[in-house]
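Chemist: Sequence:
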Amino acid sequence: MFRERRKLSIAMTLLMVGFILLGYSNLGSANGWNANDVFSDNNIMNTFDLSTTGSYVVFITSEGTAKAGGFNSFGELGNGTSSPMLIGTSPMYSVLNMSNVVRVSAGFDYTMFLKNDGTVWGTGNNRHGQLGNGTSTNRLTPVKTKINNVKQISTGYSRPYVLKNDGTVWYSTSKAVGYEKIDYVDNISYIDMTWNNSARGYVKKDGSVLYEGLNEYGQAGIGNNSRLSDIVKPDIDDVKEVSLSHGHAMYLKNDGTVWGAGKNDSGQLGDGTTENKSRPVKVNIDNVKKVFTGLDHTVFLKNDGTVWTVGNNKYKQLGDGTKESKSIPVKVNIDNVVAINHSENGVIALKSDGTFWFWGGYISAWAGSEPYEPKEFKFEGQYYPGI
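The numbering of the sequence shown is this note's numbering, which starts it at 1 and goes up by one.
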């Protein structure tokens, strides 16, 4: 599935590059994408949450409205059309009829929004019932889904999983009910899943973790790489968050340390080796605020606002100015970062001054290049007249 996704991402990149060759030549201005330029002077000029795939980006303003740009074949931008918004030639679209948004999660071709009242809204591809509104009809604007009291959303290729305030986990379906409950997990505080839904991780309120799915590289963290027939408990505790890739799992503990298990051929576990690990090993890093798993690399946001990366660097995804893979985390030349998200092989970072920066691959279709180090970017053309 990841190979298929990679091929599709490359195809999208080529398509967008084609648009550039047809005359859209202002993508990725060297001046940078500055959130202070994007919004009118009367609005707060920042965002506090960001979610992205390699083909489009969605973010939330501090006023609780949503903006989106990029690929839009199924209406994932939520602006009432299925036309792409080529960043660099048009203003970002406002997601229609959305307010009081506190969280956004972008799937491959659908987008889910969490409002401050605990309701969930979705737009885009709904072939598999991923929008959770009880149908399989695509939507060009956000529709309210059939679930309430939600605190977190994790999106995959064909469906999102949601965590409710009561610690239960649900997944979307095309059935009339919209969402169905996972009966064998409870008291959950955090969830994550691989992009293709091949594995899911559930952090319990007591800091223990439950894992289900693929274990080809030992990513389940139970001491072997045997095929799993049931949910298992990785050999780790005091966990705050989990982040899963197709081959490795990373665990952020409450003390700010990070531990990893699974595939490590590119050094993505950050323990200084390139040997796979079937039990969690400590990464050579601490004081971590967030951790993100790419395809074969890992990104860390520290509490001091610095960003560190480790693993495969074929697509410059480590942002350290080279294409050499690393087995020990290296610091990216960027500071004062407040939010990060990533595609398979690219990274976007939001700084405290409201500027956006990117590096790596699969973002180039709408950012204009694949830089070795963080590059600032912004939109050309007319900006928003107001929110």
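FYI, nobody ran anything at the bench for these hints, they're computed from the structure.
Treat each hint with caution, since some may be false.
Unchecked claim - Just the calculated beta-carbon pair ranges, DEER-fashion:
#: 1; residue 1: Val102; residue 2: Gly80; range: 21 to 27 Å
#: 2; residue 1: Lys314; residue 2: Asn224; range: 38 to 44 Å
#: 3; residue 1: Glu275; residue 2: Asn148; range: 44 to 50 Å
#: 4; residue 1: Glu180; residue 2: Gly80; range: 37 to 43 Å
#: 5; residue 1: Asp166; residue 2: Asn336; range: 33 to 39 Å
#: 6; residue 1: Asn149; residue 2: Ser99; range: 32 to 38 Å
#: 7; residue 1: Leu228; residue 2: Asp265; range: 20 to 26 Å
#: 8; residue 1: Thr135; residue 2: Arg227; range: 22 to 28 Å
#: 9; residue 1: Asp286; residue 2: Asn187; range: 24 to 30 Å
#: 10; residue 1: Val102; residue 2: Asp166; range: 17 to 23 Å
#: 11; residue 1: Ser99; residue 2: Glu180; range: 44 to 50 Å
For glycine and all other residues, C-beta sits at the position ideal for the given N, C-alpha and C.
Chemist: Next, verify each hint and record whether it holds.
Modeler: Going down the list of hints, with the structure as the test:
no.: 1; hint: Val102 to Gly80: 21 to 27 Å; verdict: holds (23 Å)
no.: 2; hint: Lys314 to Asn224: 38 to 44 Å; verdict: violated (29 Å)
no.: 3; hint: Glu275 to Asn148: 44 to 50 Å; verdict: holds (46 Å)
no.: 4; hint: Glu180 to Gly80: 37 to 43 Å; verdict: violated (30 Å)
no.: 5; hint: Asp166 to Asn336: 33 to 39 Å; verdict: holds (37 Å)
no.: 6; hint: Asn149 to Ser99: 32 to 38 Å; verdict: violated (19 Å)
no.: 7; hint: Leu228 to Asp265: 20 to 26 Å; verdict: holds (21 Å)
no.: 8; hint: Thr135 to Arg227: 22 to 28 Å; verdict: violated (35 Å)
no.: 9; hint: Asp286 to Asn187: 24 to 30 Å; verdict: holds (28 Å)
no.: 10; hint: Val102 to Asp166: 17 to 23 Å; verdict: holds (18 Å)
no.: 11; hint: Ser99 to Glu180: 44 to 50 Å; verdict: violated (28 Å)
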